[in-house]
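Undergrad: If you read the sequences in order, they're chains A and B. Our numbering puts the first sequence at residues 26 to 700. Our numbering puts the second sequence at residues 26 to 700.
No lab work stands behind these hints, which were simulated from the structure alone. Be aware that one or more of the hints could be misleading.
Claimed, not checked - From chain B, some residues computed to sit far from chain A (all C-beta separations above 12 Å):
id	residue
1	58
2	67
3	70
4	72
5	78
6	132
7	191
8	245
9	273
10	419
11	501
12	521
13	535
14	557
15	579
Said to hold, decoys possible - In silico PhoX-like cross-links for lysine-lysine, where the CA-CA straight-line distance does not exceed 25 Å:
id	chain 1	residue 1	chain 2	residue 2
16	B	674	B	662
17	A	628	A	674
18	B	527	B	422
19	B	579	A	674
20	A	579	B	662
21	B	579	A	662
22	A	422	A	527
23	B	532	B	579
24	B	674	B	628
25	A	674	A	662
26	A	532	A	422
27	B	662	A	662
28	A	532	A	579
29	A	579	B	674
30	B	579	B	527
Beta carbons are placed, not taken as given, at the ideal position from N, Cα and C, and that holds for glycine.
Number of protein chains: 2
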Amino acid sequence: MATDTVLPDAVDPDAADPAAAGPGAERAAAEEEGVYLQPEVDVAALTDVLDGRYAEVRRSVRAQLAEHAGILEDAETSTRAEYRERVLELVQEMAGTGQTGFGFPAEYGGGADIGASIAAFETLGLGDLSVMTKVGVQFGLFGGAILQLGTQRHHERYLADVVSGRLLGCFAMTETGHGSNVQALGTVATYDAETDEFVVHTAREDASKDYIGNAACHGELAVVFAQLEVGGEQHGVHALLVPIRVDGEVAPGVRIEDDGAKMGLNGVDNGRIWFDHVRVPREALLNRFADVDADGVYSSPIDNPGRRFFTMLGTLVQGRVCIGGAGINAAKVAIAIAVTYGNRRRQFEATGEEEELLLDYGLHQRRLLPLLARSYALHFAQEVVADQLHQVFSGEKDDDVTRRLLESRAAGTKALGTWHATRTIQECREACGGAGYLAVNRFAALKADTDVFTTFEGDNHVLLQLVAKGLLTDYASDFEDLDQFGMVRFVAGLAVDTVIEKTAVHKLLERIKDVLPGGDAWDADAGLLDPDYHLAMYRFREEHMIGGVARRLKRGIDDGMDAGEVFSRVQDHVIAAARAHMERLVLEAFVEKVATLPDGDLKVALNLLCDLHALAGIEADRAWFMEHGRLSVQRSKAISREVASLCRKIRPLAGDLADAFAVPPELLRAPALVG
Amino acid sequence: MATDTVLPDAVDPDAADPAAAGPGAERAAAEEEGVYLQPEVDVAALTDVLDGRYAEVRRSVRAQLAEHAGILEDAETSTRAEYRERVLELVQEMAGTGQTGFGFPAEYGGGADIGASIAAFETLGLGDLSVMTKVGVQFGLFGGAILQLGTQRHHERYLADVVSGRLLGCFAMTETGHGSNVQALGTVATYDAETDEFVVHTAREDASKDYIGNAACHGELAVVFAQLEVGGEQHGVHALLVPIRVDGEVAPGVRIEDDGAKMGLNGVDNGRIWFDHVRVPREALLNRFADVDADGVYSSPIDNPGRRFFTMLGTLVQGRVCIGGAGINAAKVAIAIAVTYGNRRRQFEATGEEEELLLDYGLHQRRLLPLLARSYALHFAQEVVADQLHQVFSGEKDDDVTRRLLESRAAGTKALGTWHATRTIQECREACGGAGYLAVNRFAALKADTDVFTTFEGDNHVLLQLVAKGLLTDYASDFEDLDQFGMVRFVAGLAVDTVIEKTAVHKLLERIKDVLPGGDAWDADAGLLDPDYHLAMYRFREEHMIGGVARRLKRGIDDGMDAGEVFSRVQDHVIAAARAHMERLVLEAFVEKVATLPDGDLKVALNLLCDLHALAGIEADRAWFMEHGRLSVQRSKAISREVASLCRKIRPLAGDLADAFAVPPELLRAPALVG
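Okay, chain A solo, but in the shape it has when bound:
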């Protein structure tokens, strides 16, 4: 709470006693005197703020999850085969309610609302994550590819069955031999002019499609990514529809292997697929961005092959947005359990009669409350990216640069959200001690199921490199097909100042520095709880890191190193710059959300969280800020003290703030921890 305090509209300006004028006026009066008044959190109202535009969708998915909470126990007590069938059953049942089909056009039984489809999917992150993942495979990846890469002929033939869950399918992109490098995959689709067919073939043993959901048991049709070859000419990676099962039996020429037991997500039937000269009709090509006509002539509305590839890959953006949101929600479940436990469990030393509550310990606050604050921050950042996705895919605002920005933001939010899940679930488990280790207390499944989030739908480090490339090349679509080494050479050819000046953060930083006191000494004079100060620090770091990467790339090339060596040496700076960029976007989303709230207790509480999130972020990277002249030793120590002080202020609110995540009690399980 650093900005001016404005009296809320409802206050009677004539009231002499501020307390008599209601809590808003009392607060305003107290703040004018510099007294901190502990806010009261209206949990239901805060849940509404979190639920936002799609509150109705989120509520109904939560109700559905609560109703089917029994699957959390089934997951533990069933064999892998039974669990897979149980998950399938539930996915098909949910398809019947329309909750999984929001992203499809109404004429095929969908809800025709992209934003709603993201909200629904994210909310599934509170429940059994095999169910969520299978929904993602079926409706997001498989159905989404037919919708986005196919044309009317595919839509009409398949979408109604996909949306209803009658036709189950796979999204067969990843290969054993090439994880993140999709452009180099080894499955080939050769056009045979004689029969007007494509011949799909796994060219090398390690070109098998791997980790493919729905492959081991339930998938009948697969979207297969393969190198397209027409008349001896290579056209790069394209997607085709290939039947992999016929009447439940594996199709001729197709070989499928079960991926077997996994660390988690064992309700999803992942598998490997090999194709041995499997023939499909020419029309099986998903031909929105490229086609082969009856004469065997290849054509595409996008001339540049690299751009064509990335346009097709752009459809993946939806999956990334979904996984990021699901990760953030899974983290909320862990926080809800750990905070509730910390508010009930007494430990050690008695003050008066009773032992202290765990959450009264300073260290326990330090461990959990910044993660609580960050969960809020990421929630609001996720809201922004989901909204942008909705705009782009609904055609409300869809141009090349907007798409690039969306892809970048989706990639970065997915990375931050899923790492947050891994870290938060781990910390919360440890904060619940041995009880957290029992399967009945959800951490086991949460931890095992979310683990792969950091590397599937794009490895987080690879995604952050994508973010960095966008920053360094100004999101120009001309460069989207540059590989990392091409990017190195391109950036090395520019003046560093040119790179910096093209970034959005450059102008934002200039602007915010103007509103801070102290001129060039803004970093020393601004209040520690001024959100403009926080924003300026985050923006400064981003700008400076981008400049640093550009400088290092240039120096490396000028020194005669090859692009590969330069990239290898600068890679950690590249990743750090992308992280700094994403952290800036997350903080902006949080600050902007809080600014939209009317004055009152809720705003006070969220401001505390926002301050804690911002300062904990600066504290974690204070070495960098000191190294770059933006933080004195004294101020650095003051920030650490402020973080501890904010934790103490938030501590009495922590239970309500966690309750506002509205995780249905059935999904918390954890009878011994929170019951």
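Start from chain A and add chain B according to the hints.
TA: What follows is chain B alone, placed relative to chain A:
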């Protein structure tokens, strides 16, 4: 490699061409000219260095684990009930080989070598961790308690059966209601003079013993910790032997509940136990440190009840040393898989014909190699604490202060080793991408099984508080029964200088500063690769942090806060000081080990690892060093560059350095990753 280079003895001093005089001379000559010569790592020789004094024991346990590697797959394919039986079978089979009995006297079938028992147990950390844990429960906790807390009557009656694995038992200390606060547990043992028996009773529902290994299925006898009451007088926590099963049936008055599925370690049958006025003869009391005679008179050689309690608890130290070592070994398995994978897997951009190996990427090096270095550091630190344990428990050197130092060091090494396992396994899993997620590749079990290490056998944070208490009270046994609040009051009553001057680190720091150049500016003038510089930095941090805690405690009490509030506010500094202390001990162990090696390639390679470990540690905490005037901005940046440079130097050796851990290939599994 900063210290003087001495020609190895074997070199012919007359040789004109250094290369002709063998690799040692070539190296020496090159170093004199400041040229870095990449060492060659003799993997077998390095394994011998790691295996140390108990090489034979370690080799035989590894061979045994390799022979029974099939259990890793059984763990995946069996039901929980089958897996538990399989683990029992294997534990009993290993008992037959003598590998689990090194810690017991020869007259009961043991090996009478404490050090060997630690080495054997640590090595089990490479294999199935349920087997390791069940061995720990049976021979370490249950058998160890009878050995350490009991007297001849118990030894003669039980130990031979325990050692052979014929009599299985439990160590029933932890209760549902009180995790780490053993002194407050709620099970009661009341002496009944009429019948000369103890009546063991679970006084409250939440005083059930919980998470007790061997309880759900196999245990027949339990060491039960209970509040001893004799003639209406409370004597604090003592241990008794209580039969919990008779001929395989649960004993009368005993209720047992299965803890059910857990995140991991599902081959161990954990459970809860309630006692309903269960009667055992007076002789069931494990009476080494306290007894009740036939007249119902309580006596103890230790007058102070707190000291008596901590003396009894001291027997736990062995378990902690074992778990720390096992955690470090589990981390090695993860490193071995990830490094091998990073040396095989090609990814992305082609230089020349092929894609780069993952480990050629700077970021990949940064992620894995400091963890590799830290695994070596912790290995050698573990060797020191295991050796100290051997000395104390063999009676070679056993006095009060030595015991306190051992307990502190064991607690801290356990915390660092188990956190290292959690972090390393996670990073290595992510570094192997989706393949790391498949159960066949070991990460699933490694991650799930080791997760609880950080909170069992003492929660890591609680253990670090124990370490800090020792530092602040100079390990004086008068203070060992102080609770945290008592510690606060005690320290607040001392002059800060008094606290600091009593610490061992104070003298060590003074001494090392004298050997560094630059006088008071030692931190600016010393070479970045000088181990004396590293040691001085680590020692400075520890000394300064202890002083900071003492100052803060004093100030808090002087300001009128109660001890609870002061402790809550200073708790993170307490933990940080304990960590700094442990990090110093770990670095010293590594530096000292390397110093004992003859000059040559192996020493060069280990010096690189030691430098990387030391500098990565300073880099990670560089904010603190800058805040406390020990690191300039320029030097901080230079350290980060040096860390990257060391990673590049170690990169070509990484495969050999990981191979030297000698994890049998059968235990790596991971056919797709390392096969």
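Undergrad: All the hints need checking, so say for each whether the structure fits it.
TA: Hint-by-hint comparison with the structure:
The beta carbon of residue 58 of chain B sits about 23 Å from the closest Cβ of chain A, which is more than 12 Å, so the claim that it is off the interface holds. Chain A leaves residue 67 of chain B outside its interface by the beta-carbon criterion, the shortest separation being 28 Å against a cut-off of 12 Å. At roughly 31 Å from the closest C-beta of chain A, the C-beta of residue 70 of chain B stays outside 12 Å, upholding its exclusion from the interface. Every C-beta of chain A lies more than 12 Å from that of residue 72 of chain B, the closest at about 30 Å, which supports listing it as non-interface.
The Cβ of residue 78 of chain B lies farther than 12 Å from every Cβ of chain A, with a closest approach of about 34 Å, so its non-interface assignment holds. With a cut of 12 Å on Cβ distances, residue 132 of chain B stays outside the contact zone with chain A, its closest approach being about 36 Å. With 12 Å as the threshold on Cβ separation, the claim that residue 191 of chain B sits away from chain A holds: the shortest Cβ distance comes to roughly 29 Å. No Cβ of chain A approaches the Cβ of residue 245 of chain B within 12 Å, the least distance being about 23 Å, so the stated non-interface status holds.
With a closest Cβ-Cβ approach of about 25 Å to chain A, residue 273 of chain B is found to remain outside the 12 Å limit, as its non-interface label requires. Once the 12 Å rule is applied to beta carbons, residue 419 of chain B is consistent with being away from chain A; the minimum gap is 32 Å. No beta-carbon of chain A comes within 12 Å of the beta-carbon of residue 501 of chain B; the shortest separation is about 20 Å. Under the 12 Å C-beta cut-off, the non-interface status given to residue 521 of chain B relative to chain A holds; the minimum distance is some 18 Å.
In this structure residue 535 of chain B is separated from chain A by more than 12 Å, as the shortest Cβ-Cβ distance comes to about 25 Å. Every Cβ of chain A is farther than 12 Å from the Cβ of residue 557 of chain B; the closest lies at roughly 24 Å, confirming the non-interface assignment. Annotated as non-interface, residue 579 of chain B keeps its C-beta farther than 12 Å from every C-beta of chain A; the closest such distance is 17 Å. Between residue 674 of chain B and residue 662 of chain B, the direct Cα distance comes to roughly 19 Å. Compliance with the 25 Å bound is thereby established for this hinted pair.
Between residue 628 of chain A and residue 674 of chain A, the direct Cα distance comes to roughly 14 Å. Compliance with the 25 Å bound is thereby established for this hinted pair. Distance restraint check for residue 527 of chain B and residue 422 of chain B: the Cα-Cα separation of roughly 22 Å lies within the 25 Å cut-off, and the hinted pair is therefore satisfied. At roughly 24 Å between alpha-carbon atoms, residue 579 of chain B and residue 674 of chain A fall within 25 Å of each other, so this suggested pair holds. A distance of roughly 19 Å separates the Cα atoms of residue 579 of chain A and residue 662 of chain B; the hinted pair therefore holds under the 25 Å criterion.
With a C-alpha separation of about 19 Å, the suggested pairing of residue 579 of chain B with residue 662 of chain A holds against the 25 Å cut-off. At roughly 22 Å between alpha-carbon atoms, residue 422 of chain A and residue 527 of chain A fall within 25 Å of each other, so this suggested pair holds. Using a Cα cut-off of 25 Å, the hinted pair residue 532 of chain B and residue 579 of chain B holds, with the two alpha carbons roughly 23 Å apart. At most 25 Å may separate the alpha-carbon atoms for a hinted pair to count; residue 674 of chain B and residue 628 of chain B meet this at roughly 14 Å.
Between the alpha carbons of residue 674 of chain A and residue 662 of chain A the distance comes to roughly 19 Å, so the proposed pair stays at or under 25 Å and holds. Proposed proximity of residue 532 of chain A and residue 422 of chain A is supported: the alpha carbons are some 23 Å apart, at most 25 Å. Of the pairs offered as hints, the one joining residue 662 of chain B and residue 662 of chain A holds, with about 20 Å between alpha carbons and a cut-off of 25 Å not exceeded. Distance restraint check for residue 532 of chain A and residue 579 of chain A: the Cα-Cα separation of roughly 23 Å lies within the 25 Å cut-off, and the hinted pair is therefore satisfied.
With a C-alpha separation of about 24 Å, the suggested pairing of residue 579 of chain A with residue 674 of chain B holds against the 25 Å cut-off. Only pairs whose Cα atoms come within 25 Å are accepted, and residue 579 of chain B paired with residue 527 of chain B is accepted, the gap being roughly 17 Å.
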